[in-house]
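S.K.: This is what each chain is made of:
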Amino acid sequence: DTEVTQTPKHLVMGMTNKKSLKCEQHMGHRAMYWYKQKAKKPPELMFVYSYEKLSINESVPSRFSPECPNSSLLNLHLHALQPEDSALYLCASSQSSNQPQHFGDGTRLSIL
Amino acid sequence: KNEVEQSPQNLTAQEGEFITINCSYSVGISALHWLQQHPGGGIVSLFMLSSGKKKHGRLIATINIQEKHSSLHITASHPRDSAVYICAVTPYGNKLVFGAGTILRVKS
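From first to last, the protein sequence lines stand for chains A and B. At position 78 of the first sequence the residue is numbered 78 (the working numbering), and the sequence of numbers has no breaks. At position 98 of the second sequence the residue is numbered 98 (the working numbering), and the sequence of numbers has no breaks.
Errors might be hidden in some of the hints.
For the chain B half of the interface with chain A, some residues (derived, Cβ under 7 Å), not all of them [to be verified]:
no.: 1; residue: Ile86
no.: 2; residue: Phe98
no.: 3; residue: Ala100
no.: 4; residue: Gly101
Taking lysine-lysine and the DSS-like style, the derived pairs with C-alpha atoms no more than 25 Å apart in a straight line are [claimed, not checked]:
no.: 5; chain 1: B; residue 1: Lys107; chain 2: A; residue 2: Lys40
no.: 6; chain 1: B; residue 1: Lys107; chain 2: A; residue 2: Lys41
no.: 7; chain 1: B; residue 1: Lys95; chain 2: A; residue 2: Lys41
no.: 8; chain 1: A; residue 1: Lys40; chain 2: B; residue 2: Lys95
no.: 9; chain 1: B; residue 1: Lys107; chain 2: A; residue 2: Lys9
no.: 10; chain 1: A; residue 1: Lys53; chain 2: B; residue 2: Lys107
None of these hints come from the bench; they were simulated from the model. Think of the CB as a built atom: it goes at the ideal place given N, C-alpha and C, for glycine as much as any other residue.
Same shape as in the complex, but just chain B (with noise of 0.2 Å):
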């Protein structure tokens, strides 16, 4: 079993639409973080979290450490959020431990 675990896979969202992408892991951790990497490569760091809840615009991000669970939402989705959504932890030292991903496709 992975020790972070990701749903969906795959997401296919109309425009507008508010999305919710889950996360759960199974370590003791001190922080989890969002990522989102668009085709192409480069990876951007979203939130990093260590209790509570983010907001950055149209992305919330809430984590709940004693159900070690964690939800990416986004409200009034565009196809410009189109991109894969990846949840890592830190579990220990600067290691991060990532998550499978979610691919993300919102269409117009």
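Looking at chain A on its own, in the form it has when it is part of the complex (with noise of 0.2 Å):
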């Protein structure tokens, strides 16, 4: 079982609708991470919370809208996305920068 919970697990969408992936995490850590990650490539960053606030944006398209509410809570607002977005979306979190990540098992998001 993995501490850090990612839902929904799978996601099919269109090209038109508003969805949000969820992660959670309650280890107490203050670092949380969105990833995407393609077909037998490594992941990419996407995103970094640092403290609830975003330090890291890798320069993601404004379609991704990522949100940490809270210190264990950290959403990706998906709209209008398009079908190279098809992906699996991976959060993680870690107690601090210099610490291991620990990883969900990802959200395989479609688009049609």
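Put the complex together from the two separate chains, hints included.
M.R.: Next comes the structure, spelled out in structure tokens:
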């Protein structure tokens, strides 16, 4: 069982839909991350939150909007996505920047 | 050239064999990580190293900071070790820079 919980596990949406991915951890970690992973490729960093503030945005298109409502929760709001956005979206958390990251099982997103 | 290079890209082994996966990096780092990803997605952090050697069960990770090189060894390999093994480094802040991964298949 993973200590970082992501919901939903699978999501299929049309290009005009609005949906959100959720990530939750109760380990008291103060850094949380969103990654995008395409098949047979390593994860690509999208966003980093540190102490509930956005600290890194890797030039991600504005159709992806992160939110950190509190220290345990991280959301990724999706709107007007493109077919090339279909991927596995992974959330991770760590106690601090120099500690190992704990990953969730990911949300597999398909854009029709 | 990628900042993190792994070899081999693919590895097939027979159950019981000793396995080595290599990782070279070209930037200064504060730590190196070995991660395991099974089909279906979830990533598990195996080791975080900044020097020397670490051991956990049948897994051993070593790092040579001067040579910018790390190895992951699996002793007495088992089919359940089949996964993608990813080397990642932390050159600055809290960003991980990933290698391309090594796909390991252990046959029984």
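S.K.: Next, verify each hint and record whether it holds.
M.R.: Now the hints, each set against the structure:
{"no.": "1", "hint": "Ile86", "result": "holds, 6 Å"}
{"no.": "2", "hint": "Phe98", "result": "holds, 4 Å"}
{"no.": "3", "hint": "Ala100", "result": "holds, 6 Å"}
{"no.": "4", "hint": "Gly101", "result": "holds, 6 Å"}
{"no.": "5", "hint": "B:Lys107 to A:Lys40", "result": "holds, 21 Å"}
{"no.": "6", "hint": "B:Lys107 to A:Lys41", "result": "holds, 23 Å"}
{"no.": "7", "hint": "B:Lys95 to A:Lys41", "result": "holds, 17 Å"}
{"no.": "8", "hint": "A:Lys40 to B:Lys95", "result": "holds, 21 Å"}
{"no.": "9", "hint": "B:Lys107 to A:Lys9", "result": "violated, 29 Å"}
{"no.": "10", "hint": "A:Lys53 to B:Lys107", "result": "violated, 46 Å"}
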